[in-house]
Amino acid sequence: MKRRLEISELIFKIISYVLLTAFALACLYPFIYAISSAMSGYDAVTYGQVVLFPKDVQFMAFKKMFNDNMFWNSYSNTLFLTFFGTIWALGIAIIGGYALSKKRLLFRKFFNFFLVFTMWFSAGIVPQYLNYLATQRVFSKFGITDDKWLVVIAMGMAAMNIILLRNAFEGVPSEIEEAAIVDGASEFQVLTRVYVPMTKSTIATVALFFAISRWNGYYWARMMIRDNNEHPLQVFIRLKLEEFTNPEEMAGWNQPYASDSIIYSLIVVSVIPILIIYPFIQKYFAKGTNAGGVKE
Amino acid sequence: MKAKASDYLIYDEEKKTYRMDAEQAVRDDVEKHYWLHVGRTILKDWRLYVMLVPMILVFLFWRYFPMYELLGCFKLYKESTPVADRLFIGFSSFKTLFMASGPSASLSLDFWRAMRNTFLLSFYGLLFGFPMPIILALFFNEVRSNVARSALQVMTYLPKFMSTVVMTSLTIMLVRSSSTFNGMGVISQLLYNLGWISSDVANAGLLNQPGLFRAIYQITGIWEGAGYDSIVFFAAIIAISPTSYEAAQIDGAGKMAQMRYVVLPSILSTVVIMLITRIGHLLSVGYEKVLLLYNTNTYVTADVVSTFAQRVGGVGQVGNSNPGLAMAAEMMNNIVGMLLVIGANTIARKASNTSLY
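Chains as they are written, first to last, in the numbering used here: chain A, 1 to 296; chain B, 1 to 357.
Please keep in mind that the hints were generated in silico from the structure rather than gathered at the bench.
All clues stand as given, with none of them false.
Here are the in silico distance ranges between beta carbons for each label pair: (1) A:R137 - B:Y34: 32 to 42 Å; (2) A:F142 - B:A239: 50 to 60 Å; (3) A:G171 - B:Y124: 34 to 44 Å; (4) B:Y124 - A:S186: 47 to 57 Å; (5) A:I144 - B:P82: 15 to 25 Å; (6) B:A239 - A:V196: 24 to 34 Å; (7) B:I219 - A:M160: 23 to 33 Å; (8) A:M70 - B:A239: 46 to 56 Å; (9) A:E170 - B:E13: 44 to 54 Å; (10) A:V57 - B:V50: 57 to 67 Å.
Idealized CB from N, CA, C, for every residue including glycine.
Go ahead and model the full structure; you've got the sequences and the hints to work with.
Written as structure tokens, this is what we have:
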């Protein structure tokens, strides 16, 4: 027989459902509003008539943006930073995490501390900036004048992600490694043929973390990339926002769409790739973060 | 330690012969030629150590070198001169920051304001932001339908994956005043219609109100992170064995009693770990978000140490900057932050045997 719900239980359940739904809708609303506003006419956006659905539908804001060369530039720069940044950081994190996961590694405690310490103590913005400037000088000595490589190579490594990978590798039974070595596998083959396939979900999670942080990166890209043509999308959005908030810049605006619509359309376009991959990887990261935990 | 091979001979009484204490010999040998043995072990397993090299280089160059650069706060800053070659000035930068007197009095006041704001933003984040994911996780546990729960979870995790720029741009546009070129943002419109804000506030813009900055910071923080942060608590809740609930029910525990005596004790260690992490990061507020949301009108409540430092230190701009002073401010912030991590960890270890590091 099914147990009858108590009153207190029922009330709690109802409250849970109502508040959760409200919160979930609040999480989605700004994006829905952004999509609607990107497609609405000037008056509708300016005088607050857009609440949920677009009004006076127009696609000129999108069109205007797609005709902007700077937009495509920034989009390809973001793709560049995300692609190479993720490969670089993930590659280093996988081999480093693998080595750290071995009990036979000498000075293992020291290497772990070397990583974890950077989570406790970060030098701060100004010393990092001075350090990146120095790196920039060294890079240009080697003929690398494209600051995007500086952003790819020098930024975005995270100790937390390496620790996640290390913990996942530690979870692989050592018998499997021994069997592979008996079969004549080298250290590198053990990693690529045994460990990587067995920790796919954690690697996918970490790759996702790296890729998202690269896609979303703003501050250092803006500070370190000197050439305006090399700025990524996030910097482009912010610069557009700053431009459109400046009354002097906006004095002669006579378009059938509001300037906000351009920002909204930029936001929509910048978010779409994340929305596309999100459902596929969503199940991985929930698993990965739980399995990883924080331990040492 | 023994020196010669004969020192390791032990006379066996029963067999009437000598035998070699090989284990002790090896142990002593390792002790004597420690680095030789280290070298041999590394050489034998060199592939493993080569794998560590890129990681170590990256952290050394771009995590540890900045820490060395930070020592420049004890030196007089000089452009493109290594830290070691700069003129040592001791604690003079710190004095300038701490003492609100003389020509740099306003700078010192700004520094203390930034320290206070940093602490308050984090503290309010702890107070309001920390319980939210736990509450969400408890709520998620009430949703029995897997499909509905997954759908709700996916929706609430989503903002975490949006960039700070997207989030702050939306915030700026949704709460902006009616006096700018583009009309009132939809949220300030709503709050005004509800009568929660006066027309003065609405006209000046919510983000120009020093009194509202902290609230906006916390609300956007919860909006952004609460769903995602609930993952770890929810995982702890679903790990509770159903028999615990049954036992509590047999003992006559209602819903609230089960919550109090079954659920909360079971997730306590997770809560403690997350709390320590949070306290440890008490002084590292997300400067990117502050930087993108604040303006000269809201420096009073919004300016944190990082933003103060990057203004004083002239990050990304030319001229009129004092990196030495900025680094002194960051050094101060970092040391207090580190003491907080160590302190929080010690307390947690004593109180519940849960330790993070």
